[in-house]
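Listed below are the residues making up each chain.
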Amino acid sequence: MRHASTCRPLILSLRGTALGALLAAAGMAHAQTIKIGLPVPLTGPYGAEAKDQVRNAELAVKEFNDAGGLAERKAELLVRDDKLNPGEAATRTLELIEKDHANFIVGGLSAATQLSINNVTKLRKVVYVSISQSDVINETSDASPYTFHEALNPHMTTQAVGRHVFKKGMRIAFLTADYAYGQEMTRGFTRVARELGAEVVGEVKHPLGQQDYSTFLPRLQAMKPDVLIFNNFGNDNRIAIKQAGEFGMKKKMRFVTPILTYTARVAGGASTYEGVIGGTQYFWGIEDKTPSAKAFNTAFKAANENRHPSDYGAMAYSAVKSLLLAVKSAGATDSDKVAAALSALKYDAYKGVQYYRGCDHQSVQSVLIIESTAKETKDPADVFKVLSVVPADEKLLRSCGELGFKG
Amino acid sequence: MSAINPTLAAAPPRSLPANAFAAIAKHRVLATVLFFAIFPWLMPYQSLAINILIYGLFAVGFNLLFGYTGLLSFGHAAFLGVGAYTAGILIAQYQMPWWAAVPAAIVAGCVVALVMGLLAIRTRGIYFAMVTLALSQCVYFLIYQLPASGGENGLRGVNVAEVSLFGLKLNLLDPLQKYYFVFAFVALALWLLSRILASPFGGAIEAVRENEARARACGFDIERTKLLAFVLSAAFCALAGALNAIHLSSVPIETLHYATSGMVVMLCLLGGMGTYFGPFVGAALFLLIQDLASGWTEHWQLLVGAVFVFVVLFFPNGVWGTLLQKVSHDR
Amino acid sequence: MELTFDLVALQLFTGLALGAIYVLLAVGLSLIFGMLTVVNFAHGAFFMVGAYVGLFAAEKTGSFWLALVIAPMVVAAFGMACERWLIRPLYGRGIDYPLLLTFGLSYMLVEGVRIVWGKSGLPFDTPELLQGATNLGFADFPTYRLFVIAVVAVLLFVLWLLIERTSFGLIVRAGARDPVIVRVLGVDVSRVWLLVFGVGTGIAALAGVLSAPLQGVSPEMGTSVLTVAFVVTVVGGMGSLMGAVVAGLLVGVVESMAVLIFPEAAKVSMFVIMAAVLLIRPQGLFGRAGLMA
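Quick note, the sequences are listed as chains A, B and C, same order.
Using our numbering, the letters of the first sequence correspond one by one to residues 1 to 407.
Using our numbering, the letters of the second sequence correspond one by one to residues 1 to 331.
Using our numbering, the letters of the third sequence correspond one by one to residues 1 to 293.
Everything labelled a hint here was simulated from the structure, so no lab data went into it.
Please note that the accuracy of each hint is not assured.
Simulated pairs of lysine to aspartate or glutamate, DMTMM-like, Cα-Cα distance not exceeding 20 Å [said to hold, decoys possible]:
| id | chain 1 | residue 1 | chain 2 | residue 2 |
| --- | --- | --- | --- | --- |
| 1 | A | Lys250 | C | Glu220 |
| 2 | A | Lys375 | A | Glu274 |
| 3 | A | Lys252 | A | Glu199 |
| 4 | A | Lys294 | A | Glu305 |
| 5 | A | Lys328 | A | Glu58 |
| 6 | A | Lys224 | C | Glu128 |
| 7 | A | Lys294 | A | Asp382 |
| 8 | A | Lys122 | B | Asp291 |
| 9 | A | Lys375 | C | Glu128 |
| 10 | A | Lys74 | A | Asp100 |
| 11 | A | Lys51 | C | Glu220 |
| 12 | A | Lys252 | C | Asp140 |
| 13 | A | Lys252 | C | Asp6 |
| 14 | A | Lys224 | C | Asp6 |
| 15 | A | Lys251 | C | Glu128 |
| 16 | C | Lys60 | C | Asp6 |
| 17 | A | Lys99 | B | Glu223 |
| 18 | A | Lys301 | A | Glu58 |
| 19 | A | Lys99 | B | Asp291 |
| 20 | A | Lys51 | B | Asp291 |
| 21 | A | Lys375 | C | Asp125 |
| 22 | A | Lys328 | A | Asp66 |
Per label pair, the in silico range of CB-to-CB distance [what the hints assert, rightly or not]:
| id | chain 1 | residue 1 | chain 2 | residue 2 | range |
| --- | --- | --- | --- | --- | --- |
| 23 | A | Glu394 | C | Phe262 | 54 to 64 Å |
| 24 | B | Gly125 | C | Gly169 | 43 to 53 Å |
| 25 | C | Ala276 | B | Ala161 | 18 to 28 Å |
Glycine is no exception: its CB is placed at the ideal position from the N, C-alpha and C atoms.
The following block holds chain A by itself, in its conformation from the complex (with noise of 0.2 Å):
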């Protein structure tokens, strides 16, 4: 009894060595493996985006290692939970880096935790291809050589929207989440506005994770817009446009919400996102006019007991193909080969031609102009109208001088 009490610390540390141990020989096995670090934050809110990224990113390894690999050696993902915080980002991508030998890494599912992600990528000058929005991450603070955004960012998504709904004299509104994206989200349709004449008629901002917007409503329905801008995402977004709808506002102004997400749709029901447009980077829906999107969502159904790839989801699946393929075009895992190559790379994942633009590494691609359907149809899945698709172009993105960049 005495001696297992004082025993105690000698087996955790036991433990520990055995543990350690045992992971540098597995790690010894698969010396050739091109390992890919995936942070994703499998717990928290967005627990179910993060699971649909997981499975999308598996699909584009595998879709790699059954073409063959990088002669002979095979690609491998490495998924590690970040729990939506970007101090446990840091951590798990130093693991990843440390520990595991990751070549590369892709995730980073918050704008905080993608950009806490990328400053640990930039410093040890590993490839690092993010999947969530920032217009941060394009700026001189944070880019790098070796940094990638395969995601949309805010402005992108602004341009594409604003455009599909502002006319000339229309009175825009604007509710809120007091934090980046909101304001990145605000300061991108407020340009659009000004170039196409509409009116911006006022702005509410809401703390982050606000679950009560009644107090804020009152204030917008005072300004009359003819359009409520939602600027807030997932639960925010959710909460915010059913409580509005319940203050009778929808029969008034036209709500919109710049990024329109699958699981909030769901989350939310048919009728509280009923007549909604927003803005997304990828819906199944496309597939009728887009081969490559066919290809993809076959390969997914295929692969997940016929369920639909969902839009972050997606995102994972490009990001990690892009990535390979620029492996398998540098022929080689070091980092400045690979970052070479996919700067100069042109590749079509799942909705049409792509490629990273040089100064900032932001893949250049089509917005996807949506709207919530109103009923409940056979197909659970069939949430969403494609109203357009705004093609890929640099001019929805801010010009490499506006960013800061020199040449």
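Since the structure of chain A is already known, use the hints to place chains B and C on it.
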């Protein structure tokens, strides 16, 4: 009248573990330092070891107030955050060298603690906890609004790649060297803590914990003692924050969130309040369980919650505290 | 943007509706603290579980009204089980331990709900009868929110009757004043504690079901609401029901009006109130000095 022969029976021989423990307790700083010198080899990867050191230091600072002085604060995230952001902003935006930024962070933490303490010390018990919570939320709000902090995006660019002192060069991109860099600070802090606890002040704070009225009757200035304990506690936490900023090269805004305050209470309780080594055991246990559990299942929070409930029910003195009790009672 | 009377009146009413939910939560928390001197960190989790159980009951029975009755009872029973097996062993050890235990319990409850019902939220539609808006003269106000205000008012009246006019209530009041003497007088305090904890958590669950049509249900809905509940309870005075009511409405209205005047600070306004009240009157507005100091 028979002679009273008051020879006492010889004390029973102490068991080996109790002897060893007594010896270690006498030189606790040395023992702890030696343990942590070999620690990186006991952990699956060095960044985890660094995290344990940093969170352990955070818990040590908190323990000074909670375990030794008996004041439960729910606002200690403020000091971790102020330390992290001060060091972070000075390094990232003003290019200050680390040997100036880290002490500046400690000073900043102490100043904030002084202000908070002056306001909070007048309240007692659960109200003290609530006031510290409220004040730390105000700190959170203020720093969030500060443009230099990066708000929700966090503060990036705290890049200290290389450290040189007295000719010794350390490459902080190498995890093992980074560990020893952090370790040097933690060792110094632990030595300081030991000095504080062994001093008359150390006696005073434990007196306040045991019986405040009696301590006052003995002539101690209770408000001064509590305030000093509060500020010293914040100094350790601010140091932990500064080290964390350098370790991750960034400062997440979550550092200031009350969930972080809640976490440090958990760490202290898990390890053992009022013990010297307990906070590190708590930090190690918490981080290891989290690490291992999140590798097995995405529902690791259930496991962590269950472990916590289990410890509160059956190990009220924490893991290390219970261990110490068992050993010291085995004579 | 001018502050018209209509706008201010609407904002005031909104604050009342917001405050009504805060009041419910604070009452439960205050009851539990006043009687058991337990700081229930799992209160937000019980609120959330109540919402989910309500959703489940509404789906199974097809009736929102039944769910409104079933969910609080189910959660109260569960709460009583928690008190009996998890919290009671900790009495006498100091107020920190039940606080910490309920903290760990909240982790378990949140994750448990995630396992059973998934990680993303679920929709909860407002019952047909209460949909739409009512014209109050100065503006259209959602009918459902008026219903919430009404329910809370009725419940508070019932609670007042219970506490002021029944022998059970007498014991609760006496226990809040001096638990030792109550025990000396021969009252089986453990039975009372069990019931009080059940009532407290049941009220939290009711608040959850009432909130569900407002914002849907999600596993995280309890965490943010917990902070508000604490602030309101502390401002009102721990153990005082009148305090919970006054503080709840006060915080709701102040938060609502702050949005009109200084929106960025709306969320932190309640902490400023809390800090101010505690510094001037450390026991809260209606709390008794020396209670759990």
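Hints, verified against the model:
Distance hint between Lys250(A) and Glu220(C) is unfulfilled; the C-alpha atoms sit about 27 Å from each other, more than 20 Å. A threshold of 20 Å between alpha carbons decides the hint, and for Lys375(A) with Glu274(A) the separation of about 8 Å falls inside it, so the pair holds. Pair hint Lys252(A) plus Glu199(A) holds up; C-alpha atoms about 17 Å apart against a cutoff of 20 Å. For the hint linking Lys294(A) to Glu305(A), the alpha-carbon distance of about 16 Å falls within 20 Å, and the restraint holds.
A C-alpha spacing of about 17 Å is found between Lys328(A) and Glu58(A), which places the hinted pair at or below 20 Å, so the restraint holds. Annotation: proposed proximity of Lys224(A) to Glu128(C) is violated, straight-line Cα distance about 28 Å (limit 20 Å). This hinted pair checks out: Lys294(A) and Asp382(A) have alpha carbons roughly 15 Å apart, not beyond 20 Å. The hinted pair formed by Lys122(A) and Asp291(B) fails the criterion: a straight-line CA distance of about 24 Å is larger than 20 Å.
Between Lys375(A) and Glu128(C) the CA atoms are separated by roughly 17 Å; this keeps the pair inside 20 Å, and the hint holds. In summary, the hint linking Lys74(A) to Asp100(A) is supported, as the alpha carbons are separated by about 16 Å, within the 20 Å threshold. Simply put, Lys51(A) and Glu220(C) have alpha-carbon atoms about 18 Å apart, close enough for the 20 Å limit, and the pair holds. Restraint check for Lys252(A) and Asp140(C): satisfied, since their Cα atoms lie roughly 13 Å apart, inside the 20 Å limit.
Restraint check: the Cα-Cα separation between Lys252(A) and Asp6(C) comes to about 18 Å, which is no more than 20 Å; the hinted pair holds. Of the supplied pair hints, the one linking Lys224(A) and Asp6(C) holds, its CA atoms being roughly 14 Å apart against a limit of 20 Å. Pair hint Lys251(A) plus Glu128(C) holds up; C-alpha atoms about 18 Å apart against a cutoff of 20 Å. In summary, the hint linking Lys60(C) to Asp6(C) is not supported, as the alpha carbons are separated by about 42 Å, beyond the 20 Å threshold.
Restraint check for Lys99(A) and Glu223(B): not satisfied, since their Cα atoms lie roughly 49 Å apart, outside the 20 Å limit. Restraint check for Lys301(A) and Glu58(A): satisfied, since their Cα atoms lie roughly 13 Å apart, inside the 20 Å limit. The hinted pair formed by Lys99(A) and Asp291(B) meets the criterion: a straight-line CA distance of about 14 Å does not exceed 20 Å. Between Lys51(A) and Asp291(B) the CA atoms are separated by roughly 19 Å; this keeps the pair inside 20 Å, and the hint holds.
For the suggested pair Lys375(A) and Asp125(C), the alpha carbons sit about 15 Å apart, so the restraint of at most 20 Å is met. For a cut-off of 20 Å, the pair hint linking Lys328(A) to Asp66(A) stands: about 13 Å separates their Cα positions. For Glu394(A) and Phe262(C), the hinted distance range of 54 to 64 Å is not satisfied, since their beta carbons lie about 41 Å from each other. As the Cβ distance of Gly125(B) to Gly169(C) is approximately 26 Å, the hint placing it in 43 to 53 Å is violated.
A C-beta distance of roughly 46 Å is found between Ala276(C) and Ala161(B), which places it outside the suggested range of 18 to 28 Å.
This entry does not satisfy hints 1, 6, 8, 16, 17, 23, 24 and 25, going by the numbered hints stated previously.
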